[in-house]
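Asks: Chain residues, written in single-letter form:
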Amino acid sequence: EAQVTQNPRYLITVTGKKLTVTCSQNMNHEYMSWYRQDPGLGLRQIYYSMNVEVTDKGDVPEGYKVSRKEKRNFPLILESPSPNQTSLYFCASRDGGGYNEQFFGPGTRLTVL
Amino acid sequence: GDSVTQMEGPVTLSEEAFLTINCTYTATGYPSLFWYVQYPGEGLQLLLKATKADDKGSNKGFEATYRKETTSFHLEKGSVQVSDSAVYFCALSDSGGGADGLTFGKGTHLIIQP
Chain P
1 EAQVTQNPRY
11 LITVTGKKLT
21 VTCSQNMNHE
31 YMSWYRQDPG
41 LGLRQIYYSM
51 NVEVTDKGDV
61 PEGYKVSRKE
71 KRNFPLILES
81 PSPNQTSLYF
91 CASRDGGGYN
101 EQFFGPGTRL
111 TVL
Chain W
1 GDSVTQMEGP
11 VTLSEEAFLT
21 INCTYTATGY
31 PSLFWYVQYP
41 GEGLQLLLKA
51 TKADDKGSNK
61 GFEATYRKET
71 TSFHLEKGSV
81 QVSDSAVYFC
91 ALSDSGGGAD
101 GLTFGKGTHL
111 IIQP
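Read top to bottom, the protein sequences are chains P and W.
Numbering (our numbering) for the first sequence: 1 to 113.
Numbering (our numbering) for the second sequence: 1 to 114.
What the hints contain is simulated information worked out from the structure, not anything from laboratory work.
The C-beta atom is built at its ideal place from N, Cα and C for all residues, glycine as well.
Fair warning: there could be bad hints in the mix.
If you want the footprint, here are the derived chain W segments under chain P, 3+ residues with CB under 8 Å [stated by the list, open to error]:
(1) 44 to 56
(2) 104 to 112
Label-pair restraints from in silico Cβ distances [unchecked claim]:
(3) L41/P x E69/W: 21 to 31 Å
(4) K65/P x G29/W: 24 to 34 Å
(5) F18/W x K65/P: 24 to 34 Å
(6) Q3/P x T12/W: 31 to 41 Å
(7) S3/W x T20/P: 29 to 39 Å
(8) E42/W x D95/P: 15 to 25 Å
(9) T12/W x E1/P: 27 to 37 Å
(10) E101/P x P10/W: 22 to 32 Å
(11) T15/P x Q45/W: 28 to 38 Å
With the hints as extra help, turn the sequences into a complete structure.
Replies: Spelled out as structure tokens, the structure:
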């Protein structure tokens, strides 16, 4: 089954404790992206990757890091989480250009205390 | 920069009512337009899309027409069901080469009552 998986689905942590949210897709897509969803703001892009070892900032990259060492994986790293990073995070992948559908993971709900 | 504006709701309708969710956009190029739907507790799924002016996207009884002259992509359905209750996002992608992601509206929460 074609899918994007994320782990963990739920995470509660404390300020400053480094964490990683994993994302994996099995569709051989070159393009992958991370979004955060906040009430009243919709979804905003954090980082994206056009291919292995190629990443770039989206609209709200501050406080986040990513890496793309393998085509299928695109982890999101919070080196020193803060309460304003409490949010619902989605990973997505896409084949080809921006006119194509993005496939979204189920989401990771992060709470930073 | 690019932006998408849509009614936020919640929008509450009775079953079998006619649905319209308005969406307008601002973009510098010639964007592709999308409607995504998010059911409770799930990720987003593509509902329909249109990639050029006057194209009509359709799926599951929903329709939207890409209107370049009014920069709009309104979502319509003739007869809604309780199972259509969800959050609907209008979005655009302004880079055919794939450099950018999607620019989303804030989402419209739709509630269908039996």
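Asks: Run every hint past the structure and note whether it holds.
Replies: Tested hints:
1. 44 to 56: holds (count 5)
2. 104 to 112: holds (count 4)
3. L41/P x E69/W: 21 to 31 Å: Holds, since L41/P and E69/W (Cβ atoms, about 29 Å apart) stay within the stated range.
4. K65/P x G29/W: 24 to 34 Å: Hint holds: Cβ distance 30 Å, inside 24 to 34 Å.
5. F18/W x K65/P: 24 to 34 Å: violated (47 Å)
6. Q3/P x T12/W: 31 to 41 Å: Because 33 Å falls inside the window, the suggested range holds.
7. S3/W x T20/P: 29 to 39 Å: Distance hint for S3/W, T20/P holds at roughly 32 Å.
8. E42/W x D95/P: 15 to 25 Å: Because 21 Å falls inside the window, the suggested range holds.
9. T12/W x E1/P: 27 to 37 Å: Given range 27 to 37 Å: holds, Cβ gap about 35 Å.
10. E101/P x P10/W: 22 to 32 Å: holds (26 Å)
11. T15/P x Q45/W: 28 to 38 Å: holds (34 Å)
When the structure is compared with the earlier hints, a violation turns up for hint 5 alone.
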